[in-house]
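Q: The chain contents come next:
2 protein chains.
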Amino acid sequence: MKIIAIKKSVTAQKILDSAEALFAESGYDGVSLRHITRHAGVELALPNYYFGTKLELFKHVIERRSEILNEERMSALTRLENSASIDSIISAFTEPFLRRTISGDIGWQNYSRLVAQIANSARWSREIMSHEFDPVALEFVRRTKICFPSAKDQDVFWGFHFLLGAMTLTFAQTGRIDILSKELCKTTDLVGIYKRMVPFLSAGFSAICEA
Amino acid sequence: MKIIAIKKSVTAQKILDSAEALFAESGYDGVSLRHITRHAGVELALPNYYFGTKLELFKHVIERRSEILNEERMSALTRLENSASIDSIISAFTEPFLRRTISGDIGWQNYSRLVAQIANSARWSREIMSHEFDPVALEFVRRTKICFPSAKDQDVFWGFHFLLGAMTLTFAQTGRIDILSKELCKTTDLVGIYKRMVPFLSAGFSAICEA
DNA sequence: TATATATTTGAACAGTTGTTCAAATATATA
DNA sequence: TATATATTTGAACAACTGTTCAAATATATA
Chain L
14 MKIIAIKKSV TAQKILDSAE ALFAESGYDG VSLRHITRHA GVELALPNYY
64 FGTKLELFKH VIERRSEILN EERMSALTRL ENSASIDSII SAFTEPFLRR
114 TISGDIGWQN YSRLVAQIAN SARWSREIMS HEFDPVALEF VRRTKICFPS
164 AKDQDVFWGF HFLLGAMTLT FAQTGRIDIL SKELCKTTDL VGIYKRMVPF
214 LSAGFSAICE A
Chain A
14 MKIIAIKKSV TAQKILDSAE ALFAESGYDG VSLRHITRHA GVELALPNYY
64 FGTKLELFKH VIERRSEILN EERMSALTRL ENSASIDSII SAFTEPFLRR
114 TISGDIGWQN YSRLVAQIAN SARWSREIMS HEFDPVALEF VRRTKICFPS
164 AKDQDVFWGF HFLLGAMTLT FAQTGRIDIL SKELCKTTDL VGIYKRMVPF
214 LSAGFSAICE A
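Residue numbers (the numbering used here), protein chains in the order written: chain L, 14 to 224; chain A, 14 to 224.
Treat the hints with care, as some may be off.
It does not matter which identical chain is used: a pair holds within one copy or between any two.
In silico EDC-like links for lysine to aspartate or glutamate, alpha-carbon gap of 20 angstroms or less [said to hold, decoys possible]:
no. : residue 1 : residue 2
1   : K165      : E196
2   : K21       : E38
3   : K72       : E38
4   : K195      : E145
5   : K27       : E56
6   : K72       : D42
7   : K165      : E223
8   : K199      : E140
9   : K67       : D42
10  : K67       : E145
11  : K67       : E140
Worth flagging that the hints you see were computed from the coordinates, not collected in a lab.
Construct the entire structure; sequences and hints are all you get.
A: This is how it looks when you write it as structure tokens:
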């Protein structure tokens, strides 16, 4: 009987890191197990040993950091006072991801690029996004409803949808806005983005959720 | 010498339609030429005859409708008066895509799902999105600057970035919000989304672009 | 009708894909 | 040290990949 402790195996972590980086760049089907193992410097058979199939490896890549992210988001949301403003609710939801990404940790940067792709993919969104991130999303919605007592539930959900779109494109780090703005705006300037994103989204929520 | 008139060949259009539908579902690498030709009911060698490589076929899929979309958006923007409100500018930019998608045309629905994925992909965004859509995007930015004379260029570009994120996630039609909201919100209800999206984004722009 | 051109067919090519497994090696336990 | 378990190795499998091409067929031109 084999007992695999993925979290403690440096080989397993090397595979996850390489898979994360390559999936973020080229997507699930754009990357082969040989790409991953070559990048990680390990044998081809090892992903199967630790994770089973390629699909299970993919899901492990997602779950490794979603657990951390969900905990941080949830605790930031529950730390809020009952009278919290929409600004602070949006900050609580978006800031944990942002802080991880701007820290310079290349793993988190790859992860956020990967999640952005998944969130906009018909194939993966329901299967992965819903499963991993909906509980925290519902807590965000619950807090926002308290903030706008007269808002209809639909309005709050659509507001969350717009927030999610703006946030995921930001974390996608595509570099398109750099080209469009002739390098006036930098995809990597997450602090500058954040300073504008929270007011932008707060005003948007107020516009559709206030009577 | 072979003279190929792609736009008039029903075979070429069948290939483009099938490629569009399958790429929208599974992405560039998730679809093989055999999937496409089987779906279209044509021989394997025909994509090469009409389009050359798989990559060139992919780009033809994108360009076929981006030409139409760009013309409609550009003419909607230039039809605006000089004193146009941010609401009307956002409408001019987003409405053409919306109208095509809600018309029930399955081809345009597939196309919008595909563009949403490309917009959030590091691999394709610069190569395809910038090339296809930046001229019209710059016209949007130019009109928005007139609307907010005291706004810094950076603020307008970032506003466009948030708009683009919200819009692409909407057109991605992932169905995630349906699950999250327990079917209270429907991804397919583009009219209901639009009614909220324009006010949401207008308020966002005002928040970061007004002094 | 005869000729030229456009299109379609069916097969083949070499390279890559995910997955499997017995054997070899390393590590921990007794 | 001896034994059991965990991990790594290297090769093999059949299926699938994008691309190519000569031959066959259809269509237009003269």
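Q: All the hints need checking, so say for each whether the structure fits it.
A: Consistency of the hints with the structure:
no. : hint         : in the structure
1   : K165 to E196 : between (41 angstroms within a copy, 14 angstroms between copies)
2   : K21 to E38   : neither (26 angstroms within a copy, 36 angstroms between copies)
3   : K72 to E38   : both (16 angstroms within a copy, 19 angstroms between copies)
4   : K195 to E145 : between (37 angstroms within a copy, 16 angstroms between copies)
5   : K27 to E56   : within (12 angstroms within a copy, 43 angstroms between copies)
6   : K72 to D42   : both (14 angstroms within a copy, 19 angstroms between copies)
7   : K165 to E223 : within (9 angstroms within a copy, 28 angstroms between copies)
8   : K199 to E140 : between (32 angstroms within a copy, 17 angstroms between copies)
9   : K67 to D42   : both (10 angstroms within a copy, 15 angstroms between copies)
10  : K67 to E145  : within (19 angstroms within a copy, 34 angstroms between copies)
11  : K67 to E140  : within (16 angstroms within a copy, 28 angstroms between copies)
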